[in-house]
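Asker: So the chains spell out like this:
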Amino acid sequence: MKLKLYSKLAVSSIIKNKPLFIPHILSGVIMTAVFFILYALSGSSAIEQLPAGGVALVVLLKYSAILIGFFSIPFLIYTNTTLFKNRAPEFGLYNVLGIGRIAMIPLLFLENLLTYGIVIFSGLFIGSLLFKLAETSLIRIMKGNISYSLHLDLAAAFVTVIWYAFTFLILFLCDSVKLLKNSTVDLLQTSHYGDTPLRHPKLSTVIGLFILTCSYLASFWVGSRGESPTNHSLTCFNLTCGIIISTYLLFVAGSIYFCQKLQQNSEFYFTPKHFITISSLKHRMHRNGSGLASICILATFVLLTLTFSFAFYRGCSTMLSSHYPNDLSIVMQAKEDTSIDNSNAETIEKTLESHGLTSQASSLLSATATSAYSAGIIDMSANVYSQEFQNSRPKKFFPNNDDLVDIRVISLDDYNKLCKTDITLDDNTVLIMSKTAGYTDKVLSLVGCDGHTYAIKTTDTIPPLTELKYNNTYPEGSGIKECYVVVPDISSFLGTDVTGKTSYGYVTYYKEYDVSLSVSKEDQLSIGNAILSDLESSIDHISSELSCATRVEKSDKLSGLSGGLLFLAFIVSLIFILMASLIIYYKQISEGYEDSSQFDIMRKVGLSLNGIHSTVNFQLLLTFFSPIIISGLHLLFLTPILYRLLAFSIVCNKSIIIMTTILSFCTYSIIYFSVYKFTSNSYLKRIANKSNP
Amino acid sequence: MSLLEVNSLKKIYSSAFKSNAVTALNNISFSVEEGEYIAIMGESGSGKSTLLNAIAALDTPTSGNILLKGTDFTKIPDHKMAAFRRSHLGFVFQDFHLLDTLTLEENIYLPLVLNNTPLHEMKRRLNALIPSLGIGRILKNYPYEVSGGQKQRAAVARALITYPDLILADEPTGALDSRSADELLNLFNEINENGQTIIMVTHSISAASHANRILFIKDGAIFHQIYRGTASNDELYNTISKTLTVLMSKAPSPIRRIAN
Ligand SMILES: Nc1ncnc2c1ncn2[C@@H]1O[C@H](COP(=O)(O)OP(=O)(O)O)[C@@H](O)[C@H]1O
Ligand SMILES: [Mg+2]
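So the protein sequences, as listed, match chains A and B.
The opening residue of the first sequence carries number 64 in the working numbering; numbering runs sequentially from there.
The opening residue of the second sequence carries number 6 in the working numbering; numbering runs sequentially from there.
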């Protein structure tokens, strides 16, 4: 009976206060939808199938989902506070009319429950709609090569439901505390009177600036490590939290402190131009600071997502040519301490022959070595992954990838064959080339696996490295340099103790087959599949690991995936931008009612209509653009991490990343600006109507 | 030359949607001499606020003109109006009209700041006002932190600080308790004695009995006026209440004759 009454009251109060509830519910729906999409994506098998950066991407997505999840709490608390403040007089009135405060708690609970229900339902609905849309287009592009299972979506939905239940519980508790803590008079006056002034704006500002500086520095630090940022996830997490916290502090306290400082400068403050502007700005920031901070953080997030997706999309072709240089490539990798299994090699050649194909094959030795670049020595004699080696470098607790070099050793015969050259080498002489390491002949000497030092021979006729067409094993931005060394004889270069070297697992034998296919795409695919199945059954899997891939297949998958990702990122961003702008719009308009009475007073006291308009314009401009400017700043300082992340995922081209950053910032600004124009027009109209009776 | 001359002022409110137009002011003429303290009385809806808004240049009359020191300000272009209003007129409103975003001190300074007055001059003027207004201790407070009476005194200070030719007050005691109202009326008397011209719209007989002259308005026209002459406040109070009794009755024409 009582429950029925309460639920009726709750429903009617939500309907009655629609204009107040809508922004709150909208924000909730965005947060849940974005959270759900990111979480579901991070569990999607499509992403993991990415050639080199899949794992990084999964981590990134999951990480973003967690961040959004955490960020939802302050954001929804903010929208909820606005809601509560406006409704406080209503509660006060109930109280005056004789409903006890404790008795109002169940009502609050039901209201929050109802809001939660609406939010979770619409959020999941919109979220899964978008997710499905992206997914189906992905599958279509990939011709159904990737199978999706529905339970992943369910898992994500479950997490979303639980997490936001928790969030709304917090909101409910906040409301209850406020209801019980405030006196009836306070409740009656809450919406009308100004918020309690900040106690220590200066302290908060200083702390905010400090945290922000630390976060930015941390970003540079992570960016300067030659490793994937996913290896520093704790630092990344901390710096992200730092940015979120400092953004809040600076918007909430910093802006107030700044205005106070301006006000203290009387010469500046007491002028017609600044007087009204600064004082109303302070007032406005006081009420909207945390809202603007929230929007700023979300904007940063959107910008990062957009940039990442754009760059990912653009980088696909680069990645394709570096990771899949050949139409069909077969790579055989020797397992453990065995060298290349010659019978397997024969099987491969026979299989290719049976399909009427010829190949260029070469053996090579891959090893990770230290590059003491300053000393001009590449040392292959030490196992960089061994404990002794780590201990011998006490100054560096983490071996930095920037110090490592991936050496690919090939024999002179193979080299001459592949590059159609006719080079000869003396004993103890090697050819060396690298496009990433940038070694110059004069400074470098090479210590071979046998501890022997080799002289380096350079020749002007060394063909470009790309003609070697090996599959890159490391992502370009990994910081590990790649270096090709051409030696007269591999076995003597390796030294006598071959087993010992290879058993460390840091020197590995490869044999690569480069096959050109001059047939149609479909035929290339079928040939690739036929060869793969032939080899699977005929090869000895104990001694060798085999990979066989056509570029066509990879390119289809990759472009489908990047297209789908971009599409999804775009949709999520667009929806977010529109909704965030809608929230601002909504707030502006509702505040317009209040402000118009203030502007009416100004007019009566002697402010011209022009003056009022310029004040309004300035305020709108600031409230709209401060979040995007600050988020642009965040983006700028987060670029080092973004760069590393992208480099590890797919693309290492700095100019692509810079271009995409600018592109996404512009896209965002244009959409944002149109909403701004729209809002300011209707806001000004409202003010003008009010002051022109 | 009178300080203020209102000549056959007419204000018709017509809305685009409704066919009926409301004649809020119907051919009102009167003049105000320097140093006068005038109260305007009348039923609710009789056009008092409309008249005051027209004099305050907050609203443009349908016809007629208003001269302040010989300047017809219905002819002043819009963009110069704000400056004119700031330097010649001071207002006190029923609901104070203080900006919530400013402290009382800043509220008081507002018109001067807009006039580009240097800070030391603003301070000098405010310091001169503080003793009679008794707001010295609350200057740094925000409007929502002080009582209605204090707000109204700050509003009076804001009206006075520009040394206006004319102070216009629309039911200034309407939102105040009786003690604050009395204080405010005494304050008005005080500043009037210093030569300040005041026009005050009021419902309250006791408020009106502080003035030198009382104008009665009915249906947008001046119905009657009373000069204080040598009468005391109490005598004036009785005269006003008698007039109001007649005013409320339904027979306008014989009384109009008396008024003339
Ligand atoms: N903005 C307006 N639009 C239309 N009619 C108005 C407007 N303002 C006032 N009126 C009408 O003009 C008349 C006089 O109003 P007003 O001057 O406010 O009266 P008072 O202040 O004496 O109570 C009233 O009939 C009122 O309805
Ligand atoms: Mg009125």
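Don't read these hints as lab results, they were simulated from the structure.
Just so it is clear, CB atoms sit at the ideal spot from N, CA and C, and this is done for glycine as well.
Just to be clear, a hint being listed does not mean it is correct.
Stated by the list, open to error - Each computed SDA-like pair below joins lysine to any residue, with the alpha-carbon atoms no more than 25 angstroms apart:
#1 A:K241 / A:N405
#2 A:K244 / A:A166
#3 A:K65 / B:I135
#4 A:K324 / B:D64
#5 B:K145 / B:I135
#6 A:K748 / B:A88
#7 A:K65 / B:E150
#8 B:K145 / A:K241
#9 A:K71 / A:L170
#10 B:K80 / A:L672
#11 A:K336 / A:N673
#12 A:K324 / B:M127
#13 A:K324 / B:G69
#14 A:K324 / B:F89
#15 A:K241 / A:P264
#16 B:K223 / B:R184
#17 A:K650 / B:D105
#18 A:K79 / A:I233
#19 A:K79 / B:G69
#20 A:K667 / B:G69
#21 A:K667 / B:S254
#22 A:K336 / B:R130
#23 A:K617 / A:L580
#24 B:K80 / A:G674
#25 A:K617 / B:L144
Unchecked claim - What the simulated footprint calls covered on chain A by chain B, stretch by stretch (three residues with Cβ under 8 angstroms from a Cβ of chain B suffice, anywhere in the stretch; the number is not a length):
#26 329-337
#27 342-354
#28 669-683
What the hints assert, rightly or not - Okay, the calculated beta carbon distance ranges per label pair:
#29 B:D100 / A:P152: 38 to 48 angstroms
#30 B:Y149 / A:E330: 20 to 30 angstroms
#31 B:S68 / A:L156: 26 to 36 angstroms
#32 B:T79 / A:P82: 37 to 47 angstroms
#33 A:N149 / B:S237: 46 to 56 angstroms
#34 A:N149 / B:H84: 34 to 44 angstroms
#35 A:K79 / B:Y18: 42 to 52 angstroms
#36 B:E198 / A:E330: 34 to 44 angstroms
#37 A:K79 / B:T79: 40 to 50 angstroms
#38 A:L232 / B:Y149: 32 to 42 angstroms
#39 A:T247 / B:D100: 16 to 26 angstroms
#40 B:D187 / A:H676: 38 to 48 angstroms
Asker: Falls inside 38 to 48 angstroms, the C-beta gap from D100 of chain B to P152 of chain A?
Answerer: violated, 18 angstroms
Asker: Given a hint of 46 to 56 angstroms, does the C-beta separation of N149 of chain A and S237 of chain B actually sit inside it?
Answerer: The hinted range 46 to 56 angstroms holds for N149 of chain A and S237 of chain B, with Cβ atoms some 52 angstroms apart.
Asker: Holds or violated: are the alpha carbons of K65 of chain A and I135 of chain B at most 25 angstroms from each other?
Answerer: Violated, because 59 angstroms separates the two Cα atoms, which is more than 25 angstroms.
Asker: Are the Cα positions of K324 of chain A and G69 of chain B separated by 25 angstroms at most?
Answerer: violated, 50 angstroms
Asker: Check whether the Cα positions of K145 of chain B and I135 of chain B lie no farther apart than 25 angstroms.
Answerer: holds, 13 angstroms
Asker: Could you check the hint for me, namely that K79 of chain A and T79 of chain B are 40 to 50 angstroms apart, CB to CB?
Answerer: holds, 46 angstroms
Asker: Tell me if the beta carbons of N149 of chain A and H84 of chain B are separated by a distance inside 34 to 44 angstroms.
Answerer: holds, 37 angstroms
Asker: Under a C-beta cut-off of less than 8 angstroms, do 3 or more residues of the region 342-354 of chain A approach chain B closely enough to confirm the stated coverage?
Answerer: holds (count 4)
Asker: Against the 25 angstroms threshold, does the CA-CA distance of K324 of chain A and M127 of chain B hold or violate the hint?
Answerer: Satisfied, since the Cα-Cα distance of roughly 21 angstroms is no more than 25 angstroms.
Asker: Has the given pair, K667 of chain A with G69 of chain B, been kept, meaning a C-alpha gap of at most 25 angstroms?
Answerer: holds, 22 angstroms
Asker: Confirm or reject the coverage of the region 669-683 of chain A by chain B under the rule of 3 or more residues with a beta carbon closer than 8 angstroms to the chain's beta carbons.
Answerer: Holds, because 6 residues of the region 669-683 of chain A bring their Cβ atoms closer than 8 angstroms to Cβ atoms of chain B.
Asker: Please work out if K65 of chain A and E150 of chain B have their alpha carbons no farther apart than 25 angstroms.
Answerer: violated, 41 angstroms
The structure fails to meet hints 1, 3, 4, 7, 8, 13, 14, 16, 19, 21, 25, 29, 31 and 35 from the earlier list, while all remaining hints are met.
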